[in-house]
Amino acid sequence: MNKKTLALVIAAVFLTTLLFSCAELGFNTDPSLSLVEKPGGESGSSSVKYTDLTAEEWLANLEDDNFGGYTFTIATSKPYRFYPEEEMTGMVNPALEKRNALVAEKYNVVIKEVYYEESSLQAALSDAVLAGKQFSDLVSVSMPVMSTLAAAGRLLNLFSLPFFDVTAEYLNTSAIKNSAIGDYLYAIYDQASFYEEDFWCVFYNESLLPQKAGEDITKAVRDGTWSWDMLLSYAETAAKDVMDKRSPDLRKDIFGIGSYASSADLYSALFASSGNFLFGDTFHKKAAYSLAAGTGDAVAAKIKEVVKNKSYLSLSGEEASSAFLDGRTAFFVYRVGFANAVAATNLVWGISPLPKVLEGQEKYFSYVGPTSAGISVPVHQSNSARTGKVLNALCAASYLNIEEALKTNYITFCLRDNDSAITLSEIFKNPAINVGTIYSEGYERVSLLTRETISEAITAGDSFNYLYMTNASALKSLNETDFK
Numbered sequence: 000m001n002k003k004t005l006a007l008v009i010a011a012v013f014l015t016t017l018l019f020s021c022a023e024l025g026f027n028t029d030p031s032l033s034l035v036e037k038p039g040g041e042s043g044s045s046s047v048k049y050t051d052l053t054a055e056e057w058l059a060n061l062e063d064d065n066f067g068g069y070t071f072t073i074a075t076s077k078p079y080r081f082y083p084e085e086e087m088t089g090m091v092n093p094a095l096e097k098r099n100a101l102v103a104e105k106y107n108v109v110i111k112e113v114y115y116e117e118s119s120l121q122a123a124l125s126d127a128v129l130a131g132k133q134f135s136d137l138v139s140v141s142m143p144v145m146s147t148l149a150a151a152g153r154l155l156n157l158f159s160l161p162f163f164d165v166t167a168e169y170l171n172t173s174a175i176k177n178s179a180i181g182d183y184l185y186a187i188y189d190q191a192s193f194y195e196e197d198f199w200c201v202f203y204n205e206s207l208l209p210q211k212a213g214e215d216i217t218k219a220v221r222d223g224t225w226s227w228d229m230l231l232s233y234a235e236t237a238a239k240d241v242m243d244k245r246s247p248d249l250r251k252d253i254f255g256i257g258s259y260a261s262s263a264d265l266y267s268a269l270f271a272s273s274g275n276f277l278f279g280d281t282f283h284k285k286a287a288y289s290l291a292a293g294t295g296d297a298v299a300a301k302i303k304e305v306v307k308n309k310s311y312l313s314l315s316g317e318e319a320s321s322a323f324l325d326g327r328t329a330f331f332v333y334r335v336g337f338a339n340a341v342a343a344t345n346l347v348w349g350i351s352p353l354p355k356v357l358e359g360q361e362k363y364f365s366y367v368g369p370t371s372a373g374i375s376v377p378v379h380q381s382n383s384a385r386t387g388k389v390l391n392a393l394c395a396a397s398y399l400n401i402e403e404a405l406k407t408n409y410i411t412f413c414l415r416d417n418d419s420a421i422t423l424s425e426i427f428k429n430p431a432i433n434v435g436t437i438y439s440e441g442y443e444r445v446s447l448l449t450r451e452t453i454s455e456a457i458t459a460g461d462s463f464n465y466l467y468m469t470n471a472s473a474l475k476s477l478n479e480t481d482f483k
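First residue of the sequence shown: 0, per numbering that gives the first Met the number 0; consecutive thereafter.
Read the hints as simulated data drawn from the structure, not as lab findings.
Keep in mind that a hint or two might mislead.
[Claimed, not checked] When the alpha-carbon atoms are kept at most 25 Å apart in a straight line, the in silico PhoX-like pairs for lysine-lysine are as follows:
hint, residue 1, residue 2
1, 176, 475
2, 284, 176
3, 307, 239
[Stated by the list, open to error] Pairwise CB distance ranges (calculated):
hint, residue 1, residue 2, range
4, 107, 303, 53 to 61 Å
5, 362, 416, 20 to 28 Å
6, 461, 164, 35 to 43 Å
7, 458, 162, 43 to 51 Å
8, 89, 173, 23 to 31 Å
9, 464, 130, 46 to 54 Å
If you're wondering where the values come from, they're calculated on a predicted model, not measured in any experiment.
The C-beta atom is built at its ideal place from N, Cα and C for all residues, glycine as well.
Model the full assembly from the supplied sequences, consistent with the hints where possible.
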């Protein structure tokens with residue numbers, strides 16, 4: 000049986016299992032999910048859990064309207080997120096087509112995606128805003144660009160968008176709340192924009208690890224014991240020659256751990272993988288440090304142990320990814336979408352969630368990094384009520400469907416075996432997103448108070464208690480000036 004046929008069989012078996020488990024397919028699996036009315040007068044209970052509704056039923060619960068065939072335009076810097084590519088294979092195309100058809104039927108609109116390079120999109124949107132004109136109905140760009148646009152007043156605060164329900168059950172409520180500061184929310188990160196591809200994880204090269212290490216990693220993930228201590232042990236074994244060198248050759252030696260990310264991005268990712276954020280609940284609340292200083296210090300110490308380990312490759316970007324793809328790095332920390340590049344190699348590889356950072360940590364958390372494209376609304380909407388209603392419909396019709404399609408594609412076309420499929424499901428479970436990552440590029444104080452503070456704790460060894468006191472005036476200014 001060839002690899003592709005085997006992958007298809009594995010995918011079919013695995014997906015059959017997944018379809019019987021909402022916990023594996025959705026983020027919001029809380030048994031206290033709110034109930035909604037079952038449309039159509041069916042017999043039995045008149046209310047059902049939201050996760051039990053079909054896509055058609057989800058949309059039937061939204062307020063009706065008719066927008067007369069309006070072309071609803073989404074400007075995006077990541078193509079084929081909102082409209083299918085004709086040549087695209089797999090399950091994503093049908094899911095997009097169904098999603099758009101349901102929205103069109105609900106509101107009589109035509110979904111149109113317009114692709115721009117990020118710099119061009121940013122310039123064109125700014126020009127339209129300055130001219131007092133509508134640029135598009137929605138815009139989808141990476142976090143740095145979104146943050147810059149928000150800080151410049153180019154985006155609408157989603158709390159003020161008519162009819163849009165930021166607490167709807169078809170959204171990842173936790174991710175939405177963690178994307179807001181006070182009464183400001185400029186972007187949602189959700190399945191409608193394929194943000195799952197940006198969940199951070201660990202890729203590993205089994206050829207550089209002891210025999211059956213891949214099986215042991217999969218078992219550890221299943222048992223909840225996959226930790227940085229376990230990963231470091233394997234990494235040091237793989238990089239045993241480097242561990243004994245005074246001056247390793249960064250372009251020839253075999254290393255244990257690498258990452259595409261810059262140091263600051265990596266620190267943020269690993270910190271988030273502990274499940275802790277420096278700011279706590281900022282949804283309709285002022286930003287405030289809420290993480291216990293001792294806990295923060297423990298997380299920073301573990302991250303320092305990882306990045307200061309002699310098996311760690313200090314290169315980043317394409318140099319670091321090439322080292323992994325060429326078979327010179329045992330573990331590589333980056334986004335799920337990197338699986339497409341790994342699958343094109345001859346590596347015997349696997350995938351896992353980011354390991355647990357602290358003892359007693361209950362879950363694995365997948366950092367949602369700055370490459371993730373959210374959904375925002377430009378200011379100067381010609382009909383903001385229409386925008387709010389259609390955005391509701393896009394998100395509702397994307398719920399589970401887009402994630403299932405994306406997961407199916409990875410299982411079928413990228414992943415090597417059933418173990419990888421299982422660990423991919425674990426990666427998708429708990430996205431970790433926070434305002435420190437989302438807004439740091441556009442707001443200097445957000446960067447100082449979160450991203451730079453984490454870096455300072457790791458590189459300089461300053462305690463969080465000291466850093467909290469040092470940042471007090473900047474935190475006050477953030478709440479009084481930037482997100483008042």
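To see whether the hints hold, each was checked on the structure:
1. 176 / 475: holds, 21 Å
2. 284 / 176: Cα-Cα ~10 Å, so holds.
3. 307 / 239: holds, 15 Å
4. 107 / 303: 53 to 61 Å: Distance hint for residue 107, residue 303 holds at roughly 57 Å.
5. 362 / 416: 20 to 28 Å: holds, 24 Å
6. 461 / 164: 35 to 43 Å: For residue 164 against residue 461, whose Cβ atoms are near 42 Å apart, the range 35 to 43 Å holds.
7. 458 / 162: 43 to 51 Å: At 46 Å between Cβs, range holds.
8. 89 / 173: 23 to 31 Å: Since residue 89 and residue 173 have Cβ atoms about 28 Å apart, the given range 23 to 31 Å holds.
9. 464 / 130: 46 to 54 Å: holds, 49 Å
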